[in-house]
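Chains as they are written, first to last, in the numbering used here: chain A, 1 to 366; chain B, 1001 to 1366; chain C, 2001 to 2388; chain D, 3001 to 3388.
Each hint should be verified, as a subset may be incorrect.
If you anchor each label on the Cβ, the simulated ranges turn out as follows [said to hold, decoys possible]:
| hint | chain 1 | residue 1 | chain 2 | residue 2 | range |
| --- | --- | --- | --- | --- | --- |
| 1 | A | Thr38 | D | Lys3280 | 42 to 50 Å |
| 2 | C | Lys2206 | D | His3188 | 52 to 60 Å |
| 3 | A | Thr140 | D | Arg3088 | 47 to 55 Å |
Pairs of lysine-lysine residues, derived as BS3-like cross-links and limited to a Cα-Cα distance of at most 25 Å, are as follows [stated by the list, open to error]:
| hint | chain 1 | residue 1 | chain 2 | residue 2 |
| --- | --- | --- | --- | --- |
| 4 | C | Lys2153 | C | Lys2187 |
| 5 | B | Lys1251 | C | Lys2380 |
| 6 | B | Lys1251 | D | Lys3187 |
| 7 | C | Lys2244 | C | Lys2311 |
| 8 | C | Lys2380 | C | Lys2238 |
| 9 | D | Lys3307 | D | Lys3244 |
| 10 | D | Lys3153 | D | Lys3187 |
| 11 | B | Lys1142 | B | Lys1217 |
| 12 | D | Lys3171 | D | Lys3122 |
| 13 | C | Lys2187 | A | Lys251 |
| 14 | A | Lys145 | A | Lys217 |
| 15 | C | Lys2280 | D | Lys3271 |
| 16 | B | Lys1114 | B | Lys1160 |
| 17 | D | Lys3380 | A | Lys251 |
| 18 | D | Lys3280 | C | Lys2273 |
| 19 | D | Lys3058 | D | Lys3040 |
| 20 | C | Lys2122 | C | Lys2171 |
| 21 | C | Lys2280 | D | Lys3280 |
| 22 | B | Lys1160 | B | Lys1142 |
| 23 | C | Lys2116 | C | Lys2058 |
| 24 | C | Lys2244 | C | Lys2149 |
| 25 | B | Lys1217 | B | Lys1145 |
| 26 | D | Lys3307 | A | Lys296 |
| 27 | B | Lys1296 | C | Lys2307 |
| 28 | B | Lys1296 | C | Lys2271 |
| 29 | D | Lys3271 | A | Lys296 |
| 30 | C | Lys2238 | C | Lys2187 |
| 31 | C | Lys2040 | C | Lys2122 |
| 32 | D | Lys3273 | C | Lys2280 |
| 33 | D | Lys3058 | D | Lys3122 |
| 34 | B | Lys1217 | B | Lys1296 |
| 35 | D | Lys3209 | D | Lys3040 |
| 36 | C | Lys2271 | D | Lys3280 |
| 37 | A | Lys160 | A | Lys217 |
| 38 | D | Lys3244 | D | Lys3149 |
The hints are simulated quantities; they were obtained by calculation from the structure and are not laboratory data. Keep in mind it's a predicted model, so treat the numbers as computed, not measured. Every residue gets a Cβ at the ideal spot worked out from N, C-alpha and C, and that includes glycine.
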Amino acid sequence: MPLVLTEDEVMLVDAARGFLTKSAPVSALRALRDSGDTLRYTPSVWGEMAENGFIAPHVPEAEGGLGMGYAAAGLIAEQMGHTLAPTPFLSAAIAAELVVQVGSAEQKADLLPKIIAGNLIVGFAFEEGLRHNPAGTAVTFKDGKVSGTKKIVLDGVGAKLLIVVAATDAGPGLFLVDPSAAGVTVRPLDLIDSRNAADVDFADTPATPLGEVGAAKAAIARTLDVARALLAAELLGIADEAFDRTVAYLKERVQFGRPIGSFQALQHRAARLYARLDLTRGAVLKALRALDEGDKAATMLCSLSKGAMSKLAYDVMVEATHMHGGIGVTDELDIGLFYKRVRVASELFGDAHFHTDRIATQAFGI
Amino acid sequence: MPLVLTEDEVMLVDAARGFLTKSAPVSALRALRDSGDTLRYTPSVWGEMAENGFIAPHVPEAEGGLGMGYAAAGLIAEQMGHTLAPTPFLSAAIAAELVVQVGSAEQKADLLPKIIAGNLIVGFAFEEGLRHNPAGTAVTFKDGKVSGTKKIVLDGVGAKLLIVVAATDAGPGLFLVDPSAAGVTVRPLDLIDSRNAADVDFADTPATPLGEVGAAKAAIARTLDVARALLAAELLGIADEAFDRTVAYLKERVQFGRPIGSFQALQHRAARLYARLDLTRGAVLKALRALDEGDKAATMLCSLSKGAMSKLAYDVMVEATHMHGGIGVTDELDIGLFYKRVRVASELFGDAHFHTDRIATQAFGI
Amino acid sequence: MSDLDDFRAETRAWLEANCPQSRRGAFRGFSTFNYWGGRKAVFQDEDQQLWFERMRDKGWTVPEWPVEYGGAGLDKARANILQQEMRRIQAQSPLQSLGIWMLGPALLHFGTPEQKAEHLPKIARGEIRWAQGYSEPGAGSDLASLSTKGELKDGQWVVNGSKIWTTNGDKCDMIFTLVRTEPDAPKHQGISFILIDMDQPGVTTKPIKLINGDDPFVQTFFDNATAPADQVVGPRGKGWDVTKYLLGHEREMIGSSMTNSVTETVSSVAKAKLGADGLKADPGLRIAIAQHEMESWILGIAVERLKDMGKAKQFSQFSPSVLKLMGTELNYRRGELLMSIGGFEAINDLMSEPVHSYLHAPANCIAGGSNEVQLNILSKRALGLPEL
Amino acid sequence: MSDLDDFRAETRAWLEANCPQSRRGAFRGFSTFNYWGGRKAVFQDEDQQLWFERMRDKGWTVPEWPVEYGGAGLDKARANILQQEMRRIQAQSPLQSLGIWMLGPALLHFGTPEQKAEHLPKIARGEIRWAQGYSEPGAGSDLASLSTKGELKDGQWVVNGSKIWTTNGDKCDMIFTLVRTEPDAPKHQGISFILIDMDQPGVTTKPIKLINGDDPFVQTFFDNATAPADQVVGPRGKGWDVTKYLLGHEREMIGSSMTNSVTETVSSVAKAKLGADGLKADPGLRIAIAQHEMESWILGIAVERLKDMGKAKQFSQFSPSVLKLMGTELNYRRGELLMSIGGFEAINDLMSEPVHSYLHAPANCIAGGSNEVQLNILSKRALGLPEL
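Using the sequences plus the hints, can you model the full thing?
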């Protein structure tokens, strides 16, 4: 597939943008945050997203999904970046991917429709350390029960199902856990981006394998790549939005008798970011297309886009905050909300350092 | 000692600058290069430097030297950076340091006066790999003879003595070798900075230990630090000079009807380099003072100044070349000569990558 | 033994005897842990009070100020010794104060004898806490475009307008402000430096909430606020000169505080959090930390050099701008690295030090003259590059 | 099987049969290895000649040009297939030529039927080697300030002045130049695009020696040089329009050539030179290489995207500037990394590829409009930021 959007994709982008601007603008995130709500997303908005076909659109038609591909999911994620829409979109995409990859026929038939309809929030219990680390797990599965602690389970607060990665004698496995089951403690986090996440303890908690244990390893690897590509797309949306707002401010703010955007030093810095965004946009789309096409390079392209966008979005936010002057760091302005989300989204599933090292080792063999 | 120059040091700087500007300006390097001379320095200039007390001024008075300290040597190196004076200054400083550190009383009495008087050019045969590597040596000393190959021996062409690092059963040792002795092959290099250096092969070449083998390791470490601090000072001089020339060009070159130095984007880039030079200047002096004071932090400060100056001088040269526009890459302009010397001086005794890693490991323990 | 050696020995003994153990230890940031004085001040504990009062009584809150103004009249050499000896036992500063750091130097340089006598002792003794009133919503980098207006009526200044970014303005007693008093003069020449008591109905404040939820700044509103006619520092209409003098001070302070105000190095945090193995597994982060530490080290040496130059009477006109520029940018990267090191923990704690550095660092690049202003100063004045 | 499939099969078979083995293999840079044509051209070997003549006779030196002008008149789809099939066997380009890349597109767009008939076939058949004459010593980034003068006298142009940075100007036959023909018009409006034969006494060249000792450029002097009156491309005085059109072409070419013209990736050089252990021992260099490779990869994808956009008729006005800016800066860092990897060897070989990249890279950031010019274009036109 070429690196331009198809007509269907352009329509999808317009639809997502229209919906999100209306139903999940940045002000909605702010209101949600200030309301003290613990769910941290608005169920009615989530329901409408389901109606629009925005939830896990990459699930193949054969599995009852829309079969629109990862590119479609990425384009929606990108639009969600523009408005910082706080929804369980990423968790749903991850859960659907895992079930598609490895679930039994019964599990697929049971879970996928609910996920796509927005009726089942599933938390992916994966991380255990301080930073992203796919290397291994200390959580164990034995005699039908999981034990151990998982960190930063996205949408873990209020989730109705958890998919837990745990070690078995036959390698890592994926397990379905009911959060209301015995031995589960969900400890809500208070993330700086005001989204839903929790640390979760398991103590001899009953768990059911998701598909065959032997297939889990590849499915996890694949799913991590999907999550990375979607986060890269979201980061692109955030960076674009923050950059556009900054350019608008440069035209509007007057100092020394003229718009600050007329100062060449600021112009060149802005132009450089424009150039980097223009370039990196292609890498984000390429990773999504590669996933869709089953390209062997997909896994490295996902690292490329996540690593590059984590760095670029941060650089954009530094300039955005700085160019807004003093008010850039006030809570009144939205820029700070973008800044905080960029930090979290960069940290999830590997930051620029992680992916640079991964690419060095695996893609370049250095 | 405070991080300001003493009156004596200011006088030394003035004297060195005066002498070098007159007797070893950049045009002299150019003339020497174009003449095809193999020695690549001018013996008469070297002789005058001896008369001025500029050669190895750090040799203690007790050893017959001027006892002016490493700071004095560094200040001279810095001034040599300004004019790119091609002399065996660094080799002389290294040789003197090694002899002072480890030589026997007889060796000191024999060698130091000749080195300081400019009558004995000594090459330090140290490197063996593609990049600076102080970790070990494959050149061996056995039964009074050294064998193996050394790389990039500075001033190795025409040197009357070589000090060779070679492995013995008791660890690395320092050995005096007569380049005209049996088994020595001096292979002149053609460095891009047009200075004198050679690869040297030894095949069962007679060699005399310089001092006790047991003392060599510490003396080598110390000497490498001295060389690094002197190169950092030279790089500072080069960077200052190239920067000043660039600022002058920014004021002079007219495009779009005004001096290009009136464009704010170029102004800010130049100002940023000014700020970095202003900061790093202190670190260069601090390393030299620390050597003089026997400060335990000296070795890390030498890495700090060499690492930081290698990076900064490169960044200055990139801007200097670029800001000079097309003519910046022509041989007619001196900027290219500075650019080439920066590359070589950065590479010698560890570049920014080497020293960053060394500092990470040794100073910060990370 | 020289006089200085005597002084050192006495100082050391006095500090040992008088500095409470709880007031020793690494600097813990400009937090409420520190005593800032003022009418509304409350001591956190007995030791804080004891230490403050003992130092105040020695004149050592401002050791170099004349005794008549509440100082100890120490010469440079003795002041340095005192500083070294305090540092030796990691004695906390007894009094944090914009009065000491900013207004004091301005008054010593520009103030009338009466102004000095009125204000300096109260600063030295922590009786009045001062706020700074420069920036306005429409006048940030272009400070001189400020529009807060002062008129002399019936022997007093009547001030109207508002100031933004007043640090802890709600906790302060008085504010030194820049006020436009000659509306017809060119923009740099119509400004006066006026001292205003904040405890009057005409002065109100409103907190500014920052993106980390903290609100250390307020906006200060002047609604027919008054000040006696003699509360102008420097000649009327010449407030810009006072400001330029003070901005130099402030920039230097902000820049060099980057090297002092940190409690832990990034590398020590990294070692503690990630361990040697964690860092080895993440070479990119490790190298980024090392590069930051090198830059931080270089900045520290530059501050040391600047002090040495000061002692040698080698005035460095541009160093404040350099330190401000490089120090604040370094702090940016520090915040980012601390966030990376803190990983999932760091993004879960809005009030943690990493998040504070990360989210707050941009403000430092703006406060005290944006870094663009510093770059303009350097390119125009240090390099002599031509105006457009 | 579709027509396109047939075309692909035929093309593949023809290439297999006709491309000599010695003309296959990774691109080896714009060196003398390539054939540039022209009156003074000499073939390096028989295979070079054979390959050139076979391709020329097929019209495949310029596959998309009309047959009447020496091309093969292929449509986009067939031209792409040809390109893919050539790439499949790594067939070298049969003819390198500024005529093909730059003058040709200008003539096709702006030329008269007579100009096309006169010049295009000679370009296609490699009979005339063209030089580019834009920059002047006093007119670099500010190209429109050029002062080479042309006057129409007795039915021909008489040209005086000089041009700088003429690539391989001593080996060229003709030069397309920008000449000021209407001295009284505003600076962008008095310029004409004139084609001048270099084989006349009024045209002389002088090599420009570069810092790596190489001299690929000359300065070209015009001393009453002449050209027939009809050798103006586009209307008289409208040469700037032609130039703007061509500069877009050139920027894109320079930018995207950064991804194509490299024979080896930095990481493969690093592995070969330093080995896994050497890189492990130098984590800073290793990470710097990886970052560079990532950027390089992204640039390559951007070029791919630009081509896809072109096929989809999505015109990207600013991409040439973006590619030029980012591609040349990337090349800078490539040179620096190759020097670091090459270590003591690299600094000992002025003509080596690392040194060439390292020393020559700055020129790329200047040629084709300095990167500052690109940044101005982007900030003004892509972002709409206001003029000062």
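So, going through the hints one by one against the coordinates:
A hinted range of 42 to 50 Å holds for the C-beta pair Thr38(A) and Lys3280(D), which are about 47 Å apart. The hinted window of 52 to 60 Å between Lys2206(C) and His3188(D) holds, with their beta carbons roughly 53 Å apart. Against the hinted window of 47 to 55 Å, the Cβ-Cβ separation of Thr140(A) and Arg3088(D) comes to about 52 Å, which satisfies the hint. Distance restraint check for Lys2153(C) and Lys2187(C): the Cα-Cα separation of roughly 22 Å lies within the 25 Å cut-off, and the hinted pair is therefore satisfied.
Between Lys1251(B) and Lys2380(C) the CA atoms are separated by roughly 11 Å; this keeps the pair inside 25 Å, and the hint holds. Of the supplied pair hints, the one linking Lys1251(B) and Lys3187(D) holds, its CA atoms being roughly 23 Å apart against a limit of 25 Å. Between the alpha carbons of Lys2244(C) and Lys2311(C) the distance comes to roughly 22 Å, so the proposed pair stays at or under 25 Å and holds. Between Lys2380(C) and Lys2238(C) the alpha-carbon distance is near 23 Å, which keeps this suggested pair within the 25 Å criterion.
Distance check on the hinted pair: Lys3307(D) and Lys3244(D) sit about 20 Å apart at the alpha-carbon level, within 25 Å; holds. About 22 Å separates the Cα atoms of Lys3153(D) and Lys3187(D), which keeps this hinted pair within 25 Å; it holds. Distance hint between Lys1142(B) and Lys1217(B) is fulfilled; the C-alpha atoms sit about 18 Å from each other, no more than 25 Å. About 16 Å separates the Cα atoms of Lys3171(D) and Lys3122(D), which keeps this hinted pair within 25 Å; it holds.
This hinted pair checks out: Lys2187(C) and Lys251(A) have alpha carbons roughly 23 Å apart, not beyond 25 Å. Between Lys145(A) and Lys217(A) the CA atoms are separated by roughly 19 Å; this keeps the pair inside 25 Å, and the hint holds. At roughly 20 Å between alpha-carbon atoms, Lys2280(C) and Lys3271(D) fall within 25 Å of each other, so this suggested pair holds. As the CA atoms of Lys1114(B) and Lys1160(B) are separated by approximately 11 Å, the hinted pair is consistent with the 25 Å bound.
Taking the CA atoms of Lys3380(D) and Lys251(A), the gap is about 11 Å. The hint holds against a cut of 25 Å. Restraint check: the Cα-Cα separation between Lys3280(D) and Lys2273(C) comes to about 24 Å, which is no more than 25 Å; the hinted pair holds. For the proposed pair Lys3058(D) and Lys3040(D), the alpha carbon gap of about 23 Å is at most 25 Å, so the pair holds. Among the hinted pairs, Lys2122(C) with Lys2171(C) is consistent with the structure: their alpha-carbon atoms are about 16 Å apart, no more than 25 Å.
Proximity of Lys2280(C) to Lys3280(D) is assessed by CA-CA distance (about 11 Å); at most 25 Å being required, the pair is judged to hold. The hinted pair formed by Lys1160(B) and Lys1142(B) meets the criterion: a straight-line CA distance of about 23 Å does not exceed 25 Å. Under the criterion of a C-alpha separation no larger than 25 Å, the hint pairing Lys2116(C) with Lys2058(C) is consistent with the structure, at around 19 Å. Of the supplied pair hints, the one linking Lys2244(C) and Lys2149(C) holds, its CA atoms being roughly 20 Å apart against a limit of 25 Å.
A C-alpha spacing of about 19 Å is found between Lys1217(B) and Lys1145(B), which places the hinted pair at or below 25 Å, so the restraint holds. Straight-line distance between C-alpha atoms of Lys3307(D) and Lys296(A) comes to about 22 Å, which keeps the hinted pair within the 25 Å bound. A hinted pair counts as satisfied when its Cα atoms are at most 25 Å apart, and Lys1296(B) with Lys2307(C) qualifies at roughly 22 Å. Between Lys1296(B) and Lys2271(C), the direct Cα distance comes to roughly 23 Å. Compliance with the 25 Å bound is thereby established for this hinted pair.
Restraint check for Lys3271(D) and Lys296(A): the C-alpha separation of about 23 Å stays at or below 25 Å, so the hint holds. Distance hint between Lys2238(C) and Lys2187(C) is fulfilled; the C-alpha atoms sit about 11 Å from each other, no more than 25 Å. A threshold of 25 Å between alpha carbons decides the hint, and for Lys2040(C) with Lys2122(C) the separation of about 14 Å falls inside it, so the pair holds. About 24 Å separates the Cα atoms of Lys3273(D) and Lys2280(C), which keeps this hinted pair within 25 Å; it holds.
At roughly 15 Å between alpha-carbon atoms, Lys3058(D) and Lys3122(D) fall within 25 Å of each other, so this suggested pair holds. Proximity of Lys1217(B) to Lys1296(B) is assessed by CA-CA distance (about 17 Å); at most 25 Å being required, the pair is judged to hold. Distance check on the hinted pair: Lys3209(D) and Lys3040(D) sit about 22 Å apart at the alpha-carbon level, within 25 Å; holds. The suggested pairing of Lys2271(C) with Lys3280(D) holds, with an alpha-carbon distance near 20 Å, which does not exceed 25 Å.
A distance of roughly 24 Å separates the Cα atoms of Lys160(A) and Lys217(A); the hinted pair therefore holds under the 25 Å criterion. A hinted pair counts as satisfied when its Cα atoms are at most 25 Å apart, and Lys3244(D) with Lys3149(D) qualifies at roughly 20 Å.
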